[in-house]
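Protein chains in written order, with this note's numbering: chain A, 193 to 531; chain B, 193 to 531.
Just so you know, the hints here were simulated from the structure itself, not pulled from any lab data. Careful: at least some of the hints might be erroneous.
It does not matter which identical chain is meant; a pair holds if it fits inside one copy or across any two.
To be verified - Derived pair list, reagent style DMTMM-like, types lysine to aspartate or glutamate, alpha-carbon separation capped at 20 Å:
(1) K382 with D222
(2) K377 with E470
(3) K486 with E215
(4) K496 with D471
(5) K377 with D482
(6) K196 with D420
(7) K230 with E293
(8) K382 with D482
(9) K496 with E406
(10) K425 with E446
(11) K425 with E238
(12) K413 with D501
(13) K377 with E364
(14) K486 with E526
(15) K345 with E446
(16) K310 with E526
Protein chains: 2
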Amino acid sequence: MGFKVAIVGATGAVGVEFLKVLERRNFPVDELVLLASKRSAGTTLEFKGKTHMVTELTHGSFAGCHLALFSAGASVSRAYRESCVAAGCLMVDNSSAFRMEAGVPLVVPEVNPQQARKALRSQGGAGVIANPNCTTIIALLALNPLHRAVPIKRVVAATYQAASGAGHAAMEELLNSTRAYLDGKPYEPKVLPFPYAFNLFPHNSPMTASGYCEEELKLAKESVKILDDPSVKITGTCVRVPVLRTHAEALNIEFTRELSVERAYELLGKAPGVTVLEDRARNRWPMPVDVAGKDDVYVGRLRKDHTQDNTLDVWVVGDQLLKGAALNAVQCAEAALLG
Amino acid sequence: MGFKVAIVGATGAVGVEFLKVLERRNFPVDELVLLASKRSAGTTLEFKGKTHMVTELTHGSFAGCHLALFSAGASVSRAYRESCVAAGCLMVDNSSAFRMEAGVPLVVPEVNPQQARKALRSQGGAGVIANPNCTTIIALLALNPLHRAVPIKRVVAATYQAASGAGHAAMEELLNSTRAYLDGKPYEPKVLPFPYAFNLFPHNSPMTASGYCEEELKLAKESVKILDDPSVKITGTCVRVPVLRTHAEALNIEFTRELSVERAYELLGKAPGVTVLEDRARNRWPMPVDVAGKDDVYVGRLRKDHTQDNTLDVWVVGDQLLKGAALNAVQCAEAALLG
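Isolated chain A (complex conformation) (with noise of 0.2 Å):
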């Protein structure tokens, strides 16, 4: 009663962690199929104490496949979505490629569950359901429990993101670069555009004409479609910090009326997928070092905003590859198979 899981770009920051939850959650895998780029053909990984060959992606690779879960970039699902649902394979795809596209359920398992089954073929959907992008899986985290009680008018969001977000070889080049920092020595950045030891840059996805970032329009857009509600607008800026893989957001959140700060707290305590941390006396709230390899947002120092009506403020951190990526692509393909 298992399924045959293909995982794209398996030897990834993201590829490494779908194997990881996969194995945690015990999810029905009766067959693995672990694909690569050429380059990264003949690695071998471990899945639940045995040892599997990374084999060059092709088209002919879904074949028999139920799910595959995709990590290798948009240009990689765009050129295999095909070959991928024409063998009958639901896709879960973590890249942007199809995210906006109508027709592709655009999925957070604790806001919008039942999107994920319209994605199947047999129920007469795309066969792909679209993994969203980490910043928005962790804002709606949190900002949906409170939008269910009291509908969000505007949302200024500031981020601090993780080397995670740009792969395994950003990650790598933050501490490369950090050590070579503390040895005096140069270091010449060689996957992200500038210095990355002991500094910060707006977030390098692409610039728009409208002077914000792909990364911040993501926020806005994905956002109103999971929550499949226009009027929720969101603005904000994204800022890549010299963190690992946790990527941390500063919410300040316009609500249509009042809501207090006790409901607010009562709201997000029982959340799923949402753990409240703070001790108020020592000042101590979630932090990336709490939040990196645990499977739920961490929410805290929720405040009144006293310039300005019905508004609060509110601080998110969650795993930038795991809520971020592979655990809620994981969730979806659960939700979807397993629903």
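Given the structure of chain A, go ahead and fit chain B onto it with the hints provided.
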């Protein structure tokens, strides 16, 4: 025609910058008195090619001094204010001790230079100029020129604050804990309350009943005092990031009427103390590595916020030890004594 100048906290991160700034700006120093705690007495520091001995701060230290630059924490400032002022010495204080005291001018020379002279006892002043909080100064260099053209209604700020704001020992802790992390060794935080290597945390200033920390409230209250305009409302989230000496701030600014991006660039382009740095094609904006050691506050990424009328997003980066502390203090002294 020069001055006898005392530096209180001469061996600290800001103290060392006081000396460099005085020398670089050719401030007319006839005699220099370097003061610190008993523990640091006996240390020597260079100024204009001469070696000066640091002596222990006592109530008699200010005899004959015209100017004392203080950066040794609020309790030292409180304890020595009277001795300093009674000696006829102008106190320029980098601590938070007197910032909100009525009668003590809180000065950013690009904003309210006329206030600096009002501090002089010969002008009927209290003999003290308060240097604002670093985050406030850096924000105001960008906010003031815009506010003078079109009044600001509300700002949502998120900060990315460097180690230097917590002093030299915090900078050392960032370096040492990061090296320990890279070497796989444990590190127990000694200066800051939380792990700092590849981590970040909401600002470690004291928490208030509102849920906002003092750093966040300083930004709001000090800005109103310096702009002399209670209609300007500022909320925000202050965060300590693993960067050595340069603060960055994401400011979402709502104006009372429209201010175009083009006009805002024009205003900032001619504002004193401000450098506009950006290369939109390369997605290249001010970063801490650009601004460390620079006098100017760097701004960029001006963009029209489409989620709300009359609103712009702006990115601001400033050296915490220079414009955020030592440089601003010396400029205050210049405005009072040389203006």
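Structure-based check of each hint:
For the identical chains of this complex, K382 and D222 are neighbours neither inside a copy (39 Å) nor across copies (51 Å), given an alpha-carbon limit of 20 Å. With identical chains, the CA atoms of K377 and E470 are never at most 20 Å apart, being 39 Å at best within one copy and 27 Å at best between copies. For the homomeric pair K486 and E215, the shortest alpha-carbon distance inside one copy (15 Å) is at most 20 Å, but the shortest distance between copies (51 Å) is not. Taking the shortest alpha-carbon separations for K496 and D471, only the intra-copy value of 17 Å comes in at or below 20 Å, while the best inter-copy value is 37 Å.
In this assembly of identical chains, the alpha carbons of K377 and D482 lie at most 20 Å apart only when taken from different copies (18 Å versus 31 Å within one copy). For a Cα distance limit of 20 Å, the shortest separation of K196 from D420 qualifies neither inside one copy, at 32 Å, nor across copies, at 68 Å. In this assembly of identical chains, K230 and E293 lie within 20 Å of each other by CA distance neither inside one copy nor across copies; the values are 29 Å within and 68 Å between. In the homo-oligomer, the alpha carbons of K382 and D482 lie at most 20 Å apart only across protomers (19 Å), although the nearest pairing inside one protomer, at 29 Å, exceeds that limit.
In the homo-oligomer, the alpha carbons of K496 and E406 lie at most 20 Å apart only across protomers (15 Å), although the nearest pairing inside one protomer, at 30 Å, exceeds that limit. For a Cα distance limit of 20 Å, the shortest separation of K425 from E446 qualifies both inside one copy, at 10 Å, and across copies, at 15 Å. In the homo-oligomer, the alpha carbons of K425 and E238 never lie at most 20 Å apart, since the shortest distance is 43 Å inside one protomer and 55 Å across protomers. Taking the closest pair of Cα atoms, K413 and D501 come within 20 Å of each other only across two copies (19 Å); inside a single copy the shortest separation is 25 Å, beyond that limit.
Taking identical chains as interchangeable, the C-alpha atoms of K377 and E364 lie at most 20 Å apart whether they share a chain (16 Å) or sit on different chains (18 Å). In this assembly of identical chains, the alpha carbons of K486 and E526 lie at most 20 Å apart only when taken from the same copy (19 Å versus 53 Å across copies). Taking the shortest Cα distances, K345 and E446 sit within 20 Å of each other both inside one copy (6 Å) and across copies (16 Å). Taking the shortest alpha-carbon separations for K310 and E526, only the intra-copy value of 13 Å comes in at or below 20 Å, while the best inter-copy value is 69 Å.
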